[in-house]
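Enquirer: Now for the letters of each chain:
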Amino acid sequence: MRALTPLDVIRVPAPRPDETYTHRCFDRVVKFTGLKQLLGTADYSKAGDRHAGLAAESDTARESARAILSDLTLQHLYDHPLTDNDGRVDSVMRVSYDIDLGIFGEIAGMTFGEFKDHLLRSGGAEIKRVTRGLTAVMAAAVAKLCDVHELIAIPRKINVPSTARTSLGAPGTLSSRLQPNHPTDDLRGITLLCYWGLSLGSGDQLIGVNPAIDTVDSVSRVLHRLDAIRRQTGAPTQICVLSHIKTQMASLERGAPVEILFQSLAGTENTNLHEFDITVDLLDRGYRLMQERGPLKDIAPQCMYFETGQGSEFTYGRHNGIDMTTCEALCYGLARRYDPFMVNNVTGFIGPETHLDGMEMIIANLQDHFMGKLLGCPMGMGSCYTLHSDITLEAQQMVTEMLTAAGANYFMDVALNTDRMLAYFDTSAHDNQTLREVHNKRPGAEYLEWGLSRGIFAYDEHRNVVRGPTWGNPRQFCASDEEFDELWSSTPAMYGLDSAGPRPANAVSRETRLNQEVGREAIHSELRIDDLNRVVEFRSIVTGATSKESHLSSPSRGAQLSAESAASLSAEDHTVQILVSDGLSSEAVHHNIPDLLPVLLDGLAGRGISVGRPLLAQYGRVKLAEPIAERLGAQVVVHLIGERPGGDAQASRSLSAYILYRLTDPNAQQAAAAFNGNPQIRCEYTVISNIYGGGLPPAEAAAVILEKVGDILEHRAAGNRLESLVKG
Amino acid sequence: MAERVTLIGLDFGTTTSSAVVAEADVLRSAGTGRTEFGELTVRYRSEMRFTPLSGGEQLDLAQLETYLDDWFVAGNVRSENIFGGGALLTGLTARRENAAALVELIRRRLGDALIATADDPRLESWLAFMGGCAALSRFHPEQPVLNLDIGGGTTNLALGLNGEVLDTACLFIGARHIRVEPGTYRVTAVSRYARAMLDHLGIPSGLGDVLGPEERDAYLELNIALLEQATGANVVADQTIHELVTQVGFRRDRRGDGEPVMSGGSLTYTGGVGELIYAHAAGLPWPETTAFGDLGIDLAQRIVASPVLGPDIHTHRPAFAGRATALGLMRHSTELSGNTLYLPRPELLPLKDVPIFGAIDVAVSLEHSASLLDLVRHSARGGCLLVRLDSTAATDVRETGRRIAAAADEVSFPPDRLLVLLVQHNLGKALGQYVTDWGKRPLNLVVIDEVPSRDAQYVRIGRPHRGNVPVSFYGLNDV
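Here the protein sequences line up with chains A and B, keeping their order.
Quick note on this note's numbering: the first sequence kicks off at 1 and runs consecutively.
Quick note on this note's numbering: the second sequence kicks off at 1001 and runs consecutively.
Don't take every hint at face value.
To be verified - Quick list of the computed label-pair ranges, beta carbon to beta carbon: (1) A:SER568 / B:SER1391: 52 to 62 Å; (2) B:ALA1074 / A:ARG463: 49 to 59 Å; (3) A:ILE529 / B:ARG1107: 51 to 61 Å; (4) A:ASP217 / B:ALA1074: 19 to 29 Å; (5) B:PRO1287 / A:PRO301: 48 to 58 Å; (6) A:ALA507 / B:THR1041: 45 to 55 Å; (7) A:GLY255 / B:ARG1108: 50 to 60 Å; (8) A:ALA507 / B:ARG1251: 35 to 45 Å; (9) A:ASP284 / B:GLU1347: 30 to 40 Å; (10) B:GLN1063 / A:GLY255: 30 to 40 Å; (11) A:ILE529 / B:ASP1409: 57 to 67 Å; (12) A:GLY317 / B:THR1041: 50 to 60 Å.
Calculated directly from the structure, the hints in this document are not laboratory data.
Yeah, the Cβ is synthetic: ideal placement off N, Cα and C, and Gly gets one too.
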């Protein structure tokens, strides 16, 4: 067990005032104030940093920043710890200063330019040695000076193996985490996805489920199932359910097989504390609990798993003015404290507000892998995308080829790239096998032996590992075809098992891709206003987003009314107003409004509740209901808005109803403030989601909404406070 | 959100009785969007016990009550926690004089929501198919599957296609119509059906006699001929005997396309005799001669040897043979409703034994709707109508709801009379709102949605569990 250095023992220099850095670029002098600005400008420009005002305004400005950074010494960055908004060194920054000071002493006088050259000139052993003296911010600084070849060539020289039940990350291997997520944690669906993944030779790193339901009961049940699958199939691997660390610790204390303890990390203490509900102290306790009670404690030197990803700190507004790459490096600095079994990013998961297109995502992933390896983490990669960004499958496939060349330890296996729970797209077992074949890689040694014994793998005449006769056949793990059938029918987005070489058969790829593009089209298509006006005659209003692009990349704009629309709306004598907007799926509006709105209007009339003429907004976000409620003086706004599509064409038609209750009544406002803890609270929301033919049908949704509106008006409350009043 | 519920299946057969207790998730299917039970985890499986008799032909109620006590303790079950499943008296047990007293005893223990019934042969056939063969049938979606659930007293036949039962029948043919001393063929009991068959064959043997090989052959061959005839084979047994042993026959002998029902189909077996057949098919030796004190082993051997009944036993095997009825009860006798119901007065639940008077679809006339509501109006405990809509379109639910409302007005439907509507689609609230004109029309209305439309005489509806209610049908219709 690694001894955890107490935080107050870690030496961190006292923060100093920002310095001004200047660079002469031909006839211009470029100035930067403070390291945060300098580091932000030195990076490849990405959406999150642009929105945060940290990205370079021009390519020459970026090169000036890189030139300055190249001439700064490692000692300079050491002496200038980045602080939070209160000028404090937070706990995450402090942990990253837990370095080998002797080694740091050897390299402290190097400039970053010299240090990068040293990494390029050195072999793997020397790189691993000197990087023990690096803080997280230093790793980020070097990454910003590297071009694509360098981001690949330097980590390629380092191996960071790790060991739990099995040993992974050896040279020449490429592993995968099987990610059998299911939208309702249906054990049958999870089982099927495990069987398929194992039959495709994936899951040697881990079988790890992101649960839909984060309770001790549910998480324990999934863990016991994964344990049973591991035992039944004999696959040499380890298991994990990626719930919140507190849920896993409670599950472990109740006897569930928590073999590997997982947590998502952010690079600032504020994000970790307020958004992820974790502290360094909690992580320390989790680590110690695993050493004392983890089921693999006697055989596994490593037991922790962390996920990270560029941009989470910025999207929560808790990045402390630090750019996305540097925040990401701080995550690895924190992960390093616990000698983790595995670490991977999921950069690309958030959307266009952090990474707009394929190039931004590719660069970010190469940086993440580079920094993680430099900081000693056994790095896997979750290179991924959502449909509302401009990142596509092609960009994702390109970066995985590069990352395999760079020596990534593992990728995710999300069956047919389509995560059935998280509505995003990641690598698949087919991708991983393809990468193994293209780059001449093998799975981990114990898993390879198992795969050979089952015929999933075989040796060819040159003793290369090739696909065996049972590769890709999940039926091999089922007692009967009927059992397989039952599992199959419980799993959405299964477009077929046929393969062609290491790839899905063309027919399977075509259906997968078509479903994906229907989802993307639902986001990118425009509202058909004329068709909607045939359902009811709407009043059209305009938001602060002037185009689809600005709507998708800047969530706040769609939550505002344009000045003109704001001026056109004034107080009306109606209790309820109805607002329809596209949100992230116009198709959701087109498919549901014709059956929903007439029933809702029938019901409001039937109940004698006065309602204004419905409003229709293009490029709207959820909180657009708030200025509408204020301007029109409504007590309740029913906001019908398209949800973010995943990979299933049907589900891309899913609509939500956000029912806003405006707290104009002083008693209700006080009660809401007491309930919520925010004294300024102005409105509450009740949400009804998953409205579409395969979920809650729109006509029934209208009756449910009507009932909720009645409850809201009667109890003068919405959201959790309403539920507690109705129950009480 | 997945919720765990407890399900129970109690099967009191001619020969043996048993209990199964399971837990299941209630979740929304990612495939169909319907609320359904997820994977079932069997928590307790009792041993098979002989169904106890006292004084010859009466059920030993005191002994049966101790069985129930034992099973509830061993299965860690409390009646208030049971969400679904039920109890069934089958075969000859259902025809014992004091069967009704056992049903009452079980009802007291299980509560009102679950079915506890005797002598419901079509339900038994349906349950055995669903418990044993549903997965197999779905796996061969084009091929009819005829399952014969052969127990001690009855053979329950169910014809299914793609996991759904199309038709059912029941014969008084089983292992235990002639009981013998184990290891011999010395007769210890003969049922009235076996007596009639022996008489028909001119075999005078009775209590205390040993059945010789020729007598056994003749008796068993008659049983086989009756089974073969029932499967649609071109075999004609004696008409009088055929009528005597037929409790209920198939309702149709032709499929919708005019073909004989079994054309191209496969035969499967469940029940005690089914278990023996598949143990043999798996290569196990037959048990010792009359090891169970009846002719079950002999019957199984002759089924295997029959060119009509035997050919499919190696290719089509039910998932469960031995406890198909108990498993079917537990897994399939309870339907899960959706969770957006029209239920302004939840205290009305549970509802037991609500008679079903008919069905209303989109095209049905106001006149017919009114006549159905009139039947409910005259039923002291109210009644249930099945509402069959083609889609979830707003126009369908609005028009159908308004038509039911108009029909209720036309027959002056009393405001306190219970009216239950069952609808397959997820539209319970919307339909209820249109029928009551958004709560303004005084009606004692309950609308339960996402329930399959089943051709039955009665329905039971349990208490809500996180918004879903258990719904059980029984008294499956004869015509």
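Enquirer: For which of the previously enumerated hints does the structure constitute a violation, in increasing order of number?
Expert: Numbers 1, 6, 7, 9, 11 and 12, in rising order.
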